[in-house]
Amino acid sequence: MTARYSTLFCAITGTQLLLACLLLIHAETETAAHQPLIRRKAELARTLELSDLCLFTEASYTRHLALADLRTPFQEYPMAMEHFPSGSLTSPPPHLTETHAPHP
Amino acid sequence: MIKVTNISKLYNAGRPNEFIAVRDVTLTVSLGEVTVLKGPSGSGKTTLLGILGCMVRPSSGRISLGDREITSLPERFLTQIRRETFGFIFQQFNLIKGLTALENVMIPAYPTGERYAPLRRRALEILELFNMSHKAAAKVEWLSGGEAQRVAIARALINNPTIIIADEPTAHLDTKLSHEFMVIVRQLREGGKTILIASHDPIVYDSELMTSRIELRDGRVINDGSRS
Amino acid sequence: MPHTLEKQRHILDFTLASLLRRKGKNGALFTVYTLIVFILASVMFFTYALKEEASLVLKGAPEIIVQRTLQGRYAPIPVEYGVKIRGIRGVMGVRPRVWGYYYDPVFLANYTIMAPEGVNLPPGSIALGSGISRMRRAYQGDTISFTGADGKARNFTIARILPEESQLLSADLILMAEGEYREFSGLPPGLASDLTLKVKNPKELATVAEKIVKILPDSRPIIRNEILRTYDALFSWRGGLLIIIMSAALLAFVIFAWDKASGLSAEEKKEIGILKAVGWESSDILFMKFWEGLVISLTSFLAGTILAYFHVFLTSASLFAPVLKGWSVLYPQFQLTPFINPGQIATLFFLTVVPYTVTTIIPSWRAATIDPDSVLRS
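Residue numbers (our numbering), protein chains in the order written: chain A, 1 to 104; chain B, 1 to 228; chain C, 1 to 378.
Quick caveat, the hints were computed from the structure, so don't treat them as lab data.
Nothing false has been slipped in among the hints.
Below, simulated DMTMM-like cross-link-like pairs (lysine to aspartate or glutamate); rule was C-alpha separation at most 20 Å, straight line:
#1 Lys51/C x Glu30/A
#2 Lys139/B x Glu128/B
#3 Lys270/C x Asp259/C
#4 Lys51/C x Glu28/A
#5 Lys7/C x Glu84/B
#6 Lys198/C x Glu43/A
#7 Lys97/B x Glu147/B
#8 Lys200/C x Glu49/A
#9 Lys198/C x Glu49/A
#10 Lys23/C x Asp259/C
#11 Lys269/C x Glu141/B
#12 Lys325/C x Glu164/C
With beta-carbon atoms standing in for the labels, derived distance ranges:
#13 Ser236/C x Thr31/A: 19 to 25 Å
#14 Thr369/C x Arg217/B: 32 to 38 Å
#15 His26/A x Glu268/C: 38 to 44 Å
#16 Tyr139/C x Ala11/A: 48 to 54 Å
#17 Glu125/B x Ser374/C: 29 to 35 Å
For every residue, glycine included, the Cβ atom is placed at its ideal position computed from N, Cα and C.
With these hints in hand, go ahead and build the complete structure from the sequences.
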């Protein structure tokens, strides 16, 4: 007797769900295993007094996103894309326009 | 026993193409009988068959099945009655293309929730009855006309109905196959089924198997229940 | 109903057999659907994990950074500003930070040179970020040459390479002793790049920042929360590239929905009529359509999500790397920590599986209630 279609479907979906659960467990264990690494990175940020992630190195305002000023990047308007695609993936830091300092 | 009283059926009511398919028909079909509805095309045979088989709601009149009045039953119950009491054999066979013969036979039993294994066994047994078990896994569009009809008959029998309804069953069959169909009708009758056939084929309505012949013209019965 | 489950399995059997009749069409549908979910889930996994990582790692960032604005751009800040800031109540310590950029004309890459406090480097030697090391094939003990502000090349010995594991922070860094960096970059004594502050009570950060601006109107304090918020806003869905991806996905879904909602073919309607004639109820027809939608959308959703997980966390988002890299020559190679947000997965589920299933069911609503006798009269 050949297998019913519904049995095959349940088997496929069941396998997918099982795989998804295994991946969730993988995510949990990996995240736990990465904790010391993350602590070491935070420690590096503390000792070197780093403020930004090294994601996009092509412009100062994408390399040090948090330290961007109003003049260098985003010159025409805050969403202007000078460096594509990184300029389109980053947005101006929220504090850029409502900073503690008065704007010049 | 199915009894219809003063049944009429109006299609496209109120529109210019309105027409009356069945007018004021009263008749009784008793259990165990083989009844043929005969008449030219457009005489209302198919519509009357649909009404008797709980598939078509009449515009007026009453239907009772056994001693139960079913005229105003809601759709859900009517479907259940149709499923359990009637087996339909359509003129065009109306098999579902792309599926196998076996799957087609099993389809009417799906809503009953019967267990798969016994259902499949039963379907194979019925196909075997018509020498069709070797075609069980074949897709229905690859079957010949005679084979397709036997699958359609097997499908009508799957829920073990008391009444078999066939609409022009020999319309798409040659003479040899039509005679073979009548052999199957004899088999069914000997199995205790009540049979209702609409046909204008002499092979069917002149057959000595018929216990009752009803002639229709323009939606009216012109010759009720002449026995022979 | 004792046989409800068996009944649903029968309907599912029928639905699957029907779907398998059009292997090409439904296979293509499954593939496109999986691809859309894969792209959306990849973006989702990647951005969430990166933001989560940023928020944890940048907890080590300075509490307040004070920049100086001159002529509208940030400029070196006089170290004596620190003395004034030190006088504000709650400020525990002020340290001048000395750092800057270096453009490497040979490799067309930008580096960040820093002179952090307390880094032990022998004279004439530097610590090199692993990204630069990889790109320039320069390793511990090698000599590397950079051109200073005066136009003269200077040789440095690589004392050590910064750890690979922290590339996300340090791939493009060069660490140097402060004196050497000032000489190299021409930053005069008495000036720093910016100031970092230590504050006694984290709740006072905003107050301190306001006081700094009051005392030194040309200064611009940035508090740590603002840095974290900056990275929280990274990859916002409104961003140029992401909105293209999102709208492409949305468009594909509209096409799906259109195909479904444009109604049933005559063939499908006839089949529904046959099913009703042989004893299927309207609800059975709707269940069939429900399964039809669910079979495609659920398997595609799961397949797409699983593939996205493999893509982002086990192959380090290899398909995204060229996009993220953009024009930058130097790009960190990092493995993301698989932070998963169940809420996001649920959102993706409700944005993909549910609308598809619904658009499959709705057009069949009317067909499900047609009179079975249409089959008789055809």
